[in-house]
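Asker: Chain B: place on chain A using the hints.
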Amino acid sequence: MSGGTGADEVWTALRARTSARIGLGRAGWGLPTRHRLELQGALAEARDAVHAEFRPERVEGALRERGLPGAVRVRSAAADRLTYLQRPDLGRRLADGEAERLAEATRGGPWDVVLVVADGLSVRAVHAHAAPLLGAVAAGLAADGTRVAPVVLASQARVALGDEVAAAVRAPLVAVLIGERPGLSAADSLGVYLTLDPRPGRTVDAERNCVSNVRPPLGLSYEAAAHRLVDLMRRARRLGRTGVALKAADDPPGGGAAQIPDSNAGR
Amino acid sequence: MVRYRGTVGGRGFRFDGLARLLGAASPGRSGDALAGVAAGSEQERVAARRALAEVELGRFLAEPVVPYEADDVTRLILDGHDAAAFAPLAAQTVGGFREWLLGADGPGLAAVARGLTPEMVAAASKLMSNAELVAVARKARVVTAFRSTVGLPGRLATRLQPNHPTDDPAGVAAAILDGLLLGCGDAVIGINPAGDGPERARALLELVDGVIERYRIPTQSCVLCHVTTTLGLMERGAPVDLVFQSIAGTQAANAAFGVTLAMLDEAHDAVRRLGRGTVGGQAMYFETGQGSALSAGAHHGVDQQTLEARAYAVARRYDPLLVNTVVGFIGPEYLFDGRQILRAALEDHFCGKLLGVPMGVDVCYTNHADADEDDIGTMLTMLGAAGVSFVICTPGGDDVMLNYQSASYHDALYLREVLGLRPAPEFEAWLADVGLLDAAGRVRELGPSEGHPLLELGAAGR
Chain A
1 MSGGTGADEV WTALRARTSA RIGLGRAGWG LPTRHRLELQ GALAEARDAV HAEFRPERVE
61 GALRERGLPG AVRVRSAAAD RLTYLQRPDL GRRLADGEAE RLAEATRGGP WDVVLVVADG
121 LSVRAVHAHA APLLGAVAAG LAADGTRVAP VVLASQARVA LGDEVAAAVR APLVAVLIGE
181 RPGLSAADSL GVYLTLDPRP GRTVDAERNC VSNVRPPLGL SYEAAAHRLV DLMRRARRLG
241 RTGVALKAAD DPPGGGAAQI PDSNAGR
Chain B
1 MVRYRGTVGG RGFRFDGLAR LLGAASPGRS GDALAGVAAG SEQERVAARR ALAEVELGRF
61 LAEPVVPYEA DDVTRLILDG HDAAAFAPLA AQTVGGFREW LLGADGPGLA AVARGLTPEM
121 VAAASKLMSN AELVAVARKA RVVTAFRSTV GLPGRLATRL QPNHPTDDPA GVAAAILDGL
181 LLGCGDAVIG INPAGDGPER ARALLELVDG VIERYRIPTQ SCVLCHVTTT LGLMERGAPV
241 DLVFQSIAGT QAANAAFGVT LAMLDEAHDA VRRLGRGTVG GQAMYFETGQ GSALSAGAHH
301 GVDQQTLEAR AYAVARRYDP LLVNTVVGFI GPEYLFDGRQ ILRAALEDHF CGKLLGVPMG
361 VDVCYTNHAD ADEDDIGTML TMLGAAGVSF VICTPGGDDV MLNYQSASYH DALYLREVLG
421 LRPAPEFEAW LADVGLLDAA GRVRELGPSE GHPLLELGAA GR
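Just so you know, the protein sequences line up as chains A and B, in that order.
With our numbering applied, the first sequence corresponds to residues 1 to 267, in that order.
With our numbering applied, the second sequence corresponds to residues 1 to 462, in that order.
One chain only, chain A, in its complex shape (with noise of 0.2 Å):
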């Protein structure tokens, strides 16, 4: 290239390889107004995300019209949102009570399978796309005549708050679809954990398995989404574990990145 090209012609060209906030240029030492209020219009989408207030109903709704009805709803030990972020040990339990209720409400079982949708840390990517790749998953499991136990909404959830769930209904497999904690370029990212015989308390990170960033159409489609699922479901009940095993097999190693343990997506 010419050494004469400036640059606002490079930036614009490198736009499109980066989701970064480069070539944002200066006021002073400052970023421009615009750019300025840009971010802050991001910021507020990534915290309304995690403050919003999850509408199971919503959900149950997008559910019947895709023929599945019959979800049930059930809460954590964190009364509210102040409570769960703080406290991560009671958003991995259910309330007192509900295992009960919840046993009592999917008692027509055996099921090889349950999915629980939890609201994590952005209600938003729940409410866009728990039904849509639930629609999909389901239809996928059904093709090879798979029992799949009412779908179960939980409230105030981290992904542990699958493995009592697991136990409640006496399914040996468990997907828990949560919501991600937001970034400014993804405040609707939807994660899914995969989870077999979970021992509730003890399961840990290492023996699930985790399909990210379902989030389409800048993400993960729920297509490919439900298939991986499904194949990773198959596949985990052939071998009879999930976790790391299970990962080995399938893609190479990644998402290793962060090494400092985070709460991302509520673990």
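Derived by calculation from the structure, the hints in this document are not laboratory data.
No residue lacks a Cβ here, since even glycine has one placed at the ideal position from N, Cα and C.
Be aware that a few hints might be false.
[As the list claims (entries may be wrong)] Reference excerpt, derived from the structure (chain A facing chain B, CB under 8 Å, subset only): (1) THR5; (2) ALA13; (3) ARG17; (4) THR18; (5) ARG21; (6) LEU31; (7) LEU68; (8) THR146; (9) SER221.
[Said to hold, decoys possible] Pair by pair, the computed Cβ-Cβ distance ranges are: (10) B:GLU450 x A:GLN40: 25 to 33 Å; (11) B:LEU274 x A:VAL204: 47 to 55 Å; (12) A:GLN40 x B:ASP168: 23 to 31 Å; (13) B:GLY301 x A:GLY41: 24 to 32 Å; (14) B:GLU69 x A:ALA142: 54 to 62 Å; (15) A:THR33 x B:HIS81: 51 to 59 Å; (16) B:GLU69 x A:VAL204: 24 to 32 Å; (17) A:ARG58 x B:ALA270: 50 to 58 Å; (18) A:ARG241 x B:ASP168: 49 to 57 Å; (19) B:GLY36 x A:VAL204: 19 to 27 Å.
Answerer: Just chain B now, kept in the frame of chain A:
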């Protein structure tokens, strides 16, 4: 078990053991409450501080907060303790030590650094205000060097963090270009890869090494993958400047990171043999953060700030070039809001500097913590005043791979302008050489149609 007692407002409180006392004396934060080690009331907290103020520093050598037999970090701290450096302080209480710190000068602080243990400096920090943490840390200078020199008075270095969600080389190069044009990158150009695979890491190392070579930039590269990955890359001749590893303050927490002291010993030996530095030979880079031990179920009933300080004892064994706490990354269950994150940032910087570690800070938060961009500005300003060695800088303050908010490249301009801080000397000279400084020595803005050789870094994206 030694029982410590303190009284506030006529109420007496008892603390069974030093670990319990330290936890109760710590300024409030969500992680200590989660671990069940925090004071039950504000009065209990102050009672604990009164009791702590009376504890003699030598007590920390006699009563390890994590058992010596069970933990190699405790053994490292006690076996490596320099009794001669400690001698002048041996008769001090924690309260007296706090007063001594406020009155000491830089050489005085440096002289005792090897005689101090993490628990002693953590204890002192619990008796100090934010302003005091700033004022004391400012006097404790730790200077290190590789191709640039970090930690000199009047200087502020930056890690340029050009992360990309898929490690796309053109996307990474674009974020490097942006940072360099805003005067960032003198501490390190350091990438968190999206995947930990060695081939990917090698491609990123070669990319950054190529940029540094081509433009003769006096800085160092780092791809922040696991130490074992970097060891393998060094064996196969990849251009490794620095070895990176996340570390914590207990053996079990380090095990959760998949790392042992023996691994770090091996990597340290290997990277020193490479000797790629020009103005210095320090070649290790560590990241830490309060709460990591609790997160790994490895906290031994000790508060998160004391355990964080113990991680710096691990770091200093390897004479590192750079150490930073990733202070707000871990989430609100450990540090709930901007106020707790600020406090932790100042504590971590203070403890690191007193122990002789080249301390930087990733001034940051996640979007589920109660914090915002104003907290970033407040933290930066206080840390700049405290003489922080370096801060992490990202494009627009947003890391698009790790999904959290950190300081921006623009924030580095801010801090240097309002506090009169300059880049690392070698890097500053380079910025002048390539025409990026104005007459006053500030980073100037390229005109909209102005050409510059660095812009060719963007060619891959076109």
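Asker: Are the hints correct? Go through all of them and say.
Answerer: Tested hints:
Against a cut-off of 8 Å between C-beta atoms, the interface hint on THR5 of chain A holds, since the closest Cβ of chain B lies about 6 Å away. With 8 Å as the threshold, the beta carbon of ALA13 of chain A comes within range of chain B, its nearest partner Cβ sitting at about 4 Å, so the hint holds. Residue-level restraint check for ARG17 of chain A holds (minimum Cβ-Cβ distance to chain B is 4 Å; threshold 8 Å). Against a cut-off of 8 Å between C-beta atoms, the interface hint on THR18 of chain A holds, since the closest Cβ of chain B lies about 3 Å away.
Because the closest C-beta pair between ARG21 of chain A and chain B is about 3 Å apart, less than 8 Å, the hint holds. Using the Cβ-Cβ criterion of 8 Å, the hint placing LEU31 of chain A at the interface with chain B is satisfied: the shortest such distance is roughly 6 Å. Hint status for LEU68 of chain A relative to chain B: violated, with the closest Cβ pair at about 29 Å, above 8 Å. Among the interface hints, the one on THR146 of chain A is violated; its C-beta lies about 31 Å from the nearest C-beta in chain B, farther than the 8 Å criterion.
Look at SER221 of chain A: its Cβ only gets to about 17 Å from chain B, farther than 8 Å, so that hint breaks. Checking the proposed 25 to 33 Å range against GLU450 of chain B and GLN40 of chain A shows it holds: the Cβ atoms sit about 29 Å from each other. For the pair LEU274 of chain B and VAL204 of chain A, the supplied restraint of 47 to 55 Å is violated, since their beta-carbon distance comes to about 36 Å. Roughly 27 Å separates the CB atoms of GLN40 of chain A and ASP168 of chain B, a value that falls within the hinted 23 to 31 Å.
Checked against the given bound of 24 to 32 Å, the beta carbons of GLY301 of chain B and GLY41 of chain A, roughly 44 Å apart, lie outside it. At about 57 Å, the CB distance of GLU69 of chain B to ALA142 of chain A agrees with the hint of 54 to 62 Å. For the hinted restraint 51 to 59 Å between THR33 of chain A and HIS81 of chain B, the CB-CB distance of approximately 55 Å keeps it satisfied. A hinted range of 24 to 32 Å for the beta carbons of GLU69 of chain B and VAL204 of chain A is consistent with their spacing of about 26 Å.
Between ARG58 of chain A and ALA270 of chain B the C-beta distance comes to about 56 Å, which sits within the given range of 50 to 58 Å. Between ARG241 of chain A and ASP168 of chain B the CB atoms are about 34 Å apart, so this pair departs from the stated range of 49 to 57 Å. Separated by about 21 Å at the C-beta atoms, GLY36 of chain B and VAL204 of chain A satisfy the suggested range of 19 to 27 Å.
In this structure, the hints that do not hold are numbers 7, 8, 9, 11, 13, 18, in rising order.
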